[in-house]
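Go ahead and model the full structure; you've got the sequences and the hints to work with.
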Amino acid sequence: MRVTFTVNGEQREADDVWEGESLLYVLRERLGLPGSKNACEQGECGSCTVYLDDVPVCACLVAAGQVQGREVRTVEGLAGDDEQLDPVQEAFVAAGAVQCGFCTPGLLVAAHDLVRRNNQPSDAEIREALAGNLCRCTGYEKIMDAVRLAAARVTPSTEDSK
Amino acid sequence: MTQRTSARDSVRELSTAVTGGIGESPRRPDGTLKVRGEFAYSSDLWHEDMLWGATLRSPHPHARILSIDLTEALRTPGVYAVLTHEDVPGENIYGLEHPDQPVLAVDRVRYQGESVALVAADHPETARRAVARIKVEYAELPPVTDMVAAAKGEGPPLHPDGNVVRHLKIRRGDPEATADVMVVGEYEIGMQDQAFLGPESGLAVPAEDGGVDLYVATQWLHVDQKQVANALGLPLEKVRLTLAGVGGAFGGREDLSMQVHACMLALHTGKPVKMVYNREESFFGHVHRHPAKLYYEHGATKDGRLVYVRAKIYLDGGAYTSSTPAVVANAATLGVGPYRVDNVAVDCWGVYTNNPPCGAMRGFGAVQAAFGYESQMDKLAERLGMDPVEIRVHNAIAEGDTMPTGQVIDSPAPVAELMRRLRRLPMPPENREEPVDIRDMPGGVSNTTHGEGVVRGVGYAVGIKNICFSEGFDDYSTARLRVQTVGGEPAALVHTAAAEVGQGLVTVKQQVVRSELGIERVTVAPMDTTVGNGGSTSASRQTYVTGGAVRKVCQTVRQRIFELAARKLGHGPDGLELAGGKVVDASGVVLADLVDVLGDDVVEETEVYRHRPTYRVDSETGQGNAHVQYGFAAHRAIVDVDTELGLVKVVQLDCVQDVGKAMNPQAVVGQIHGGSAQGLGLAVMEEIQVVDGKVRNPSFTDYLIPTILDMPPMTVDVLELADPHAPYGLRGVGEPPTISSTPAIVAAIRAATGNALPRVPVRPEHITGT
Numbered sequence: 001m002r003v004t005f006t007v008n009g010e011q012r013e014a015d016d017v018w019e020g021e022s023l024l025y026v027l028r029e030r031l032g033l034p035g036s037k038n039a040c041e042q043g044e045c046g047s048c049t050v051y052l053d054d055v056p057v058c059a060c061l062v063a064a065g066q067v068q069g070r071e072v073r074t075v076e077g078l079a080g081d082d083e084q085l086d087p088v089q090e091a092f093v094a095a096g097a098v099q100c101g102f103c104t105p106g107l108l109v110a111a112h113d114l115v116r117r118n119n120q121p122s123d124a125e126i127r128e129a130l131a132g133n134l135c136r137c138t139g140y141e142k143i144m145d146a147v148r149l150a151a152a153r154v155t156p157s158t159e160d161s162k
Numbered sequence: 001m002t003q004r005t006s007a008r009d010s011v012r013e014l015s016t017a018v019t020g021g022i023g024e025s026p027r028r029p030d031g032t033l034k035v036r037g038e039f040a041y042s043s044d045l046w047h048e049d050m051l052w053g054a055t056l057r058s059p060h061p062h063a064r065i066l067s068i069d070l071t072e073a074l075r076t077p078g079v080y081a082v083l084t085h086e087d088v089p090g091e092n093i094y095g096l097e098h099p100d101q102p103v104l105a106v107d108r109v110r111y112q113g114e115s116v117a118l119v120a121a122d123h124p125e126t127a128r129r130a131v132a133r134i135k136v137e138y139a140e141l142p143p144v145t146d147m148v149a150a151a152k153g154e155g156p157p158l159h160p161d162g163n164v165v166r167h168l169k170i171r172r173g174d175p176e177a178t179a180d181v182m183v184v185g186e187y188e189i190g191m192q193d194q195a196f197l198g199p200e201s202g203l204a205v206p207a208e209d210g211g212v213d214l215y216v217a218t219q220w221l222h223v224d225q226k227q228v229a230n231a232l233g234l235p236l237e238k239v240r241l242t243l244a245g246v247g248g249a250f251g252g253r254e255d256l257s258m259q260v261h262a263c264m265l266a267l268h269t270g271k272p273v274k275m276v277y278n279r280e281e282s283f284f285g286h287v288h289r290h291p292a293k294l295y296y297e298h299g300a301t302k303d304g305r306l307v308y309v310r311a312k313i314y315l316d317g318g319a320y321t322s323s324t325p326a327v328v329a330n331a332a333t334l335g336v337g338p339y340r341v342d343n344v345a346v347d348c349w350g351v352y353t354n355n356p357p358c359g360a361m362r363g364f365g366a367v368q369a370a371f372g373y374e375s376q377m378d379k380l381a382e383r384l385g386m387d388p389v390e391i392r393v394h395n396a397i398a399e400g401d402t403m404p405t406g407q408v409i410d411s412p413a414p415v416a417e418l419m420r421r422l423r424r425l426p427m428p429p430e431n432r433e434e435p436v437d438i439r440d441m442p443g444g445v446s447n448t449t450h451g452e453g454v455v456r457g458v459g460y461a462v463g464i465k466n467i468c469f470s471e472g473f474d475d476y477s478t479a480r481l482r483v484q485t486v487g488g489e490p491a492a493l494v495h496t497a498a499a500e501v502g503q504g505l506v507t508v509k510q511q512v513v514r515s516e517l518g519i520e521r522v523t524v525a526p527m528d529t530t531v532g533n534g535g536s537t538s539a540s541r542q543t544y545v546t547g548g549a550v551r552k553v554c555q556t557v558r559q560r561i562f563e564l565a566a567r568k569l570g571h572g573p574d575g576l577e578l579a580g581g582k583v584v585d586a587s588g589v590v591l592a593d594l595v596d597v598l599g600d601d602v603v604e605e606t607e608v609y610r611h612r613p614t615y616r617v618d619s620e621t622g623q624g625n626a627h628v629q630y631g632f633a634a635h636r637a638i639v640d641v642d643t644e645l646g647l648v649k650v651v652q653l654d655c656v657q658d659v660g661k662a663m664n665p666q667a668v669v670g671q672i673h674g675g676s677a678q679g680l681g682l683a684v685m686e687e688i689q690v691v692d693g694k695v696r697n698p699s700f701t702d703y704l705i706p707t708i709l710d711m712p713p714m715t716v717d718v719l720e721l722a723d724p725h726a727p728y729g730l731r732g733v734g735e736p737p738t739i740s741s742t743p744a745i746v747a748a749i750r751a752a753t754g755n756a757l758p759r760v761p762v763r764p765e766h767i768t769g770t
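Sequence lines, in order, name chains A and B. Per the UniProt record's numbering, residue 1 is the first one in the first sequence, and the count goes up by one each step. Per the UniProt record's numbering, residue 1 is the first one in the second sequence, and the count goes up by one each step.
These are calculated hints, taken from the structure and not from any lab test. A virtual CB, placed ideally from N, CA and C, is assigned to each residue, including glycine. Please note that the accuracy of each hint is not assured.
Partial selection, computed: residues in chain B whose CB lies under 7 Å from chain A [as the list claims (entries may be wrong)]:
id, residue
1, H673
2, G674
3, A677
4, I708
Written out as structure tokens, the structure reads:
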């Protein structure tokens, strides 16, 4: 089948998609967007988290056909057009929240979604918001630092313009 | 048509304009790529016209293969190849140190998940379906599953020399020593998984010269190259490996997984072949941490001084050898922990069974032993009415002391200091704020308690780990460095084969060059086999050994630059220094810009660095200088336990570790956090459950690793007591924090509940007794 949808603001088309393919597979293997990760492909690790119509989802749990005509935003679409990193991306690098980095794309989308809703999250709120994203390298401490740092840098007005 | 980048161009040089020498925390050169989703991991690779590989694995832990029928698989449209052991071009055997595992099974399988056949097809689902159509007739055999029985020689032999891989004895002092008080204990460790997030994967591209280029996530390119070439029947130079992005490793990528398989399919079909395991297959695709059974007897004086330790330690290596001999060595030589003991008798066995193969995982051997000896120290403290910190301080080894192997510790060993500092770290408030936030409670938002039945406990532990490869292994790394003028600036390109797996070696290499040569612009070349062996990214050794190699090549390059400077400046090469892109004299006076000294010259050198030699220990007594360096870390855990439901919330986990020199403080603390988290996982949740040789929980649904809700805040205190034998005085960092966090957490749960808890991971029913 053919699937047409918007990815990071651009209309994209994937041909010869087998019905069993996930959104994750189409992004990674058909559209050249491997930023969303394949750590478990069973909805447990959050490494493939993307926005689907502005709601964070595990791309591995979305059948490709379900995204027909819809909007997807991946980690590759977080930075602005001017190549500036998003404050969440910037904070992850600055805080040392990136080691192997395999969990990072999914965590970035989840953290991005948190701080745009709540730019003064408590530690408990950060933990709750990121509970669906596994990281094996960092012990999460520097991820906490990164999200606190990003939240401090994000003002609601800059996010509204996106 | 989508523009895609082929594998060759995906693996990039890493350059960064950020400054920062050793002791600073500059940003990772791969950090921006990683947060943009542009860093090419091994599962992200693509090549025009590529096929997908898939593996048929044995469903049985032990069986004879009677026949294999490929007919239906070969008939599947879209399938390009179906291969068995008959298609292995070279020797059908591999193994890290002791080759004993077939690339593809011949007539017998020894564990559930053993590779039997391969498929290449034009779509991963086609490949999986073709795999399902291969018909294998098995005759099941009874599996050997009991490690203690295997050590005693019971059961059918799984390999020609029987089922004992290694039996190592440590004998020191009087084997019959007696003491005022004695405590005994039996302990058990479940099978832990590395659970790195990036699955086993890579891309093999057949080359025109009949060889193959393999892009893969691994911990040691050159040992892979050797095994792959041998299995393919090709000379080394025709098997070229490049490190693709590695999504974590923790020991699980030391052994081969899909490397030979992808190359076989690529060479057979003449097409690039990509293989990516899914999470379930990953549980069968790599070795795990050895499960262990430990029997300890500690004797001490009335005032709490250790008189003797006697132990029997059994480690289940599963079906093939992998790293078992080294795991046995660590568990045995470090078996009494970081304590002074004059009379020691330790027997340690590593055995073959039909359980999943076990090998390297962060802290191997030392992790298992530490749960035993630290549990014993607490038991002894309780018997004597002593404080758990006091008994450890009282018996702590220090520089100048002798290990049970006879090896004298000849660099700082601040065990007592770690314990004292740990006790001084701030505690969380004892009284909970009202109203209770259930997110802070055991069970969390499951809303299982608001504090009823919740008891707090505090526990301490300390551990010891050998750093770098031991027992006479020729352990070295190679670094190549090129310095030239690029765009009017001095620039350095550093090239090693040492695998970056997430720990930040790429950053450290840049820092060393900046500090040694005063050059800011340092690019890290892709890691590959066109440069000499970098050794394994394991045993906490890369900053030590590859850092040492980079420093050494910097010194050689610097000397070459001084010779150039001497010719051009008429100043002798002695007394020159490099700083801030300038050549300066001893008093700091600028003599010339480095770019002017270099001109159009390219200075390139390669150096090999070895740490000081180690020696095999005597197999009957364990005596010998087996280790290069020891690393120490200590943890304090504070837990809340819901004693009615057996749920545990780790409230706080603190660590004090000596790192010799914090080369990159941010990365050092990151290693301590991450290592502590893996120890927490082993303490309260992580276990591959194996029943009759079969894995019951090969998924992240059923094998749980700590989430951000499980990991508590940590206070980390880093000591820097230089080791005079090591580059920059540094001490390997990665493994020690994984060792003491498990026993500290279990000690805290024991303190809260009064339960003996002789086994990890601790399950709710161990606490409730139901």
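Cross-check of the supplied hints:
Interface restraint check: H673 of chain B against chain A, minimum CB-CB distance 3 Å, threshold 7 Å, status holds. For G674 of chain B, the interface hint holds, the least distance from its beta-carbon to any beta-carbon of chain A being 5 Å, beneath 7 Å. Annotation: interface hint on A677 of chain B holds; nearest CB of chain A at approximately 4 Å, less than 7 Å. Using the Cβ-Cβ criterion of 7 Å, the hint placing I708 of chain B at the interface with chain A is satisfied: the shortest such distance is roughly 4 Å.
Every hint from the earlier list agrees with this structure, and none is contradicted.
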